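Participant: Chains as they are written, first to last, in the numbering used here: chain E, 1 to 337; chain D, 1 to 262; chain H, 1 to 288.
Hints in this document: simulated from the structure, not taken from any laboratory.
Just so you know, not all the hints are guaranteed correct.
Short derived list, chain E residues pointing at chain H, Cβ under 7 Å [stated by the list, open to error]:
(1) I63
(2) Y139
(3) A141
(4) R153
(5) N175
(6) L294
(7) A296
(8) L300
(9) L307
(10) V314
(11) S317
Since the structure is predicted, the reported quantities are computational estimates derived from the model, not experimental observations.
Even for Gly, the Cβ is constructed at its ideal location relative to N, Cα and C.
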Amino acid sequence: MDIGERRKERLDRGIKVRTDGIYALMSLRELSYLTVPRLVFILGILILPLVMPSMYWQRVISIVCIYALLALSFDFLAHFAGLVSLGGAFFIGTGGYIAAILNTSFGLPTIVTIPISTLLGAAICTLLLLPCLPLRGVYFAIVTLMYPLVFARIIEALNIFGGTDGIMGVVSFPNRWVEQYFMLTMVLLFLFGMRRLVNLDIGLVFRAVKDNDQAVRASGMSITHYKAIAVFIASAMGCLGGACLVHIYMWSGISQFALDFSIIPIAATVIGGAGTLVGPILGCFILVPISELLRAFGTLRIVFYSLILVAFIVIRSEGIMVYGQRKYHQFERWVKV
Amino acid sequence: MSDHSILQIQGVTKAFGGILALNGVSFDVHEGEIVGIIGPNGSGKTTLINCITGFIKMTSGKVFFRGRNISGKPAHKIADMGVTRTFQIMRPYYSLPSYKNLIIPLFSPRARRTGGWRGGGKLGDRDTVGIDILEEIGFERDSFVPYKIASTLPTGYLKRLELARCLALKPEIIICDEIFSGLSMSEIASMVPLIERLQMDGITLLMIEHRLRELFRVANRVIVLNFGEKVIEGIPEQIMADEQVREVYFGSEEVEEVMSHA
Amino acid sequence: MDILIYGTINSIALALMALGFALVYGISRVPNFAHGALYVVSGFITWSFVRAAGLNYLVSIILAMVITGVIGALIYQFVLIRVRGMAISEIIASYAIGLAILEGFRWWGFKGMTYTLPVFLEGSTDIAGIPVDFHRLLVVGIGGVVVAFLWLFTHYTRIGLALRGMAQDERAALMLGIDSDFMAVVAMAFGSMLAGLAAVLLLPLGNIVVEAGYNVLILAIAVCIVGGLGSWVGAVLAAFLIGFIQILTVMYWGAHYQMVVALLAIIFTLILKPSGLFGQQKELEERV
């Protein structure tokens, strides 16, 4: 058939009775239509540690979770609050160093260091980023890219916090099961929490700040205030990841300000589907294990995911998740014109 | 300086580089009246709004709202006091349905202070208030219009949505930036009574307009700007008869038309 | 006195590193975050021609610059053109390309061993009692010539004027029949060649290392941000400002602070005056 004679028709499948955002579930089939994908996702994630073949791959799961938290934070900031932050490493480093200091200098146990470093780290990150919040687009991206670098160099130059050697002797999680299930639970909690948040009234305000900040100002709200809240939430996720990373590796060093933590979450978001919140996490579950497989090749893995990122940007991919959602909710067929 | 003036603009001057966009503009707006500001393109009308509402900083001059100096305050503080504005280029939150657009102003501190709907702040509470406001402003409640994604709305509804955003703040004064422009005749016909009703509800309006005929119907007083300076101020009949205004609008057919009707 | 001499040399070096970045951004509004990678690429190509292939030094330099220019043009033509106008995607895409190139070199064994380029002229001389080698003097001389050449090129040649027209108003330039995509490719090629020139001039002073790529990128961004993105004159002035501050901090505090100065300069300039110290764009500070 010639292209001029046919067109693609897309039809919704699934729930019959619905209007935007409100569904009337009429049958068990419709109920499962909505819940099965979520249940599969949650159960799949919870089973993962049990089916992993070795200790090494179980450890990889924890690392995936850290990247997943970062990717979630990037996606939230970029696509729901309009702040493209290239400084994921800054959150990881801040959270990590705070946890390490609390543990080694004050002898606090894991159960205390992780919440404290999450909140304190988020507060510190927000305070430091506060002057940059009025910046738009590119400028905010550049400035956040510079933050982790400047902190790494300052730690190196002043030789504080262990200097280039880092802080060693941080306690680990009680055992690997606690470690993995804690990380996975956190990812799930934050994922569903964020999904809820962006649809709450305050979530709409974040999206409004992204869409049209002038109208938000004209509505009598300070955009800086809401941007700061968004940065606090996002950096809390990053700092949590950082604190866990330190406890997993039992070590904190300037490599936590390294570029890996800034670039992988972005790549995962682009691959998984920007603005979906689930997509970035799926992206991490795909990208990080592949990158681990390539660990033997050293820095080649950075080349690998940089090129994947470029490829996805160049073909302007919508991302796995957006594609999947469309295929799930609609079916397509060719019709004659 | 009468005590019932709600907004006092004193010598507002704005320079962009070396160019004076506004040069010492002064006037008062009284409680409950509709004041129109007209002037040819580039006469500084929108700049004046931006200066009053704090979206750009004025070079010199003062603005008083109910006797309090609001010049130099940030835009959101000024809006928080009840001085609201619409935008000439309407940019709603495109991805949200119309009634969800109102969640944002309803979430603001001012709306939370003034709203009579604080019933515990449950989910969906603001949705109801939002739909009420939209109905008030001419969105048919039972139709699908309030639930449509804002990007699919026609211009007339977008202008109303801008007004609704101001109304959600329980404003004392609404500054409209060309609320009539771009509308069809029938849309204007339904907009005029809306403006009149707002006035009856006790809201002061400051309107910047290009559509002189409609403005002269609703306005109590009109101020003419040209090259950033106030040319004349007076009741519509006075303005229409004025020689200077004819000079400012020389050649403009619409003015000729309006003048001949007068 | 030594501050003056070292400061001038350092400033010219910074200006050389930054000019390519400033040129590309100024004309096509593409923040080329692969700039540092192109710098290293050029150095490596020169090295392989001179040391591995045994070609004449001057020939290899010219070849290296041309190849770097072609690589830059290819990057634009096949990648960046697809995300033209989406500034964030441009940054991420070009940065990822730079990362891929640099880490690719590192993986390929481009570390550990020392890769050096010979200096152009051996020997040194004394200026006011301070020994300065000939090569550094040459860098200062060539740097000055490059700045002058760029100025003449953009003010008096057809293509240069077209580039400047595009920098000022792309739509107007389009209406006047200037092919903006082609011009952007040209700008990218020029910018990359300038990165290559900076590399062959500056790399003989030290080793060719992958880290240089990151440092050059940061320094170039610092100079351009402080000078005001898109302003070449600003970039040159900012290079002198940062160059002298760097030398002062290195002399009084230590070498570690050299990059800290550049990074803090970026952060503080963006916070306090996003349009840069010498930039003319007011839109950033006042936009409704």
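Participant: Hint by hint, say whether it matches the structure.
Facilitator: Going down the list of hints, with the structure as the test:
1. Because the smallest distance between the Cβ of E:I63 and any Cβ of chain H comes to about 19 Å, over 7 Å, the interface hint for this residue is violated.
2. Hint status for E:Y139 relative to chain H: holds, with the closest Cβ pair at about 5 Å, below 7 Å.
3. Annotation: interface hint on E:A141 holds; nearest CB of chain H at approximately 6 Å, less than 7 Å.
4. With 7 Å as the threshold, the beta carbon of E:R153 comes within range of chain H, its nearest partner Cβ sitting at about 5 Å, so the hint holds.
5. The closest approach between the C-beta of E:N175 and any C-beta of chain H is roughly 35 Å, which is over the 7 Å cut-off, so the hint fails.
6. Interface restraint check for E:L294: the shortest CB-CB distance to chain H comes to about 10 Å, outside 7 Å, so the restraint is violated.
7. Interface restraint check for E:A296: the shortest CB-CB distance to chain H comes to about 11 Å, outside 7 Å, so the restraint is violated.
8. With 7 Å as the threshold, the beta carbon of E:L300 comes within range of chain H, its nearest partner Cβ sitting at about 4 Å, so the hint holds.
9. Annotation: E:L307 was flagged as interfacial toward chain H, and the flag holds, the nearest CB pair being 5 Å apart, inside 7 Å.
10. Among the interface hints, the one on E:V314 holds; its C-beta lies about 5 Å from the nearest C-beta in chain H, closer than the 7 Å criterion.
11. Proximity of E:S317 to chain H is violated relative to the hint, the smallest CB-CB distance being about 11 Å (cut-off 7 Å).
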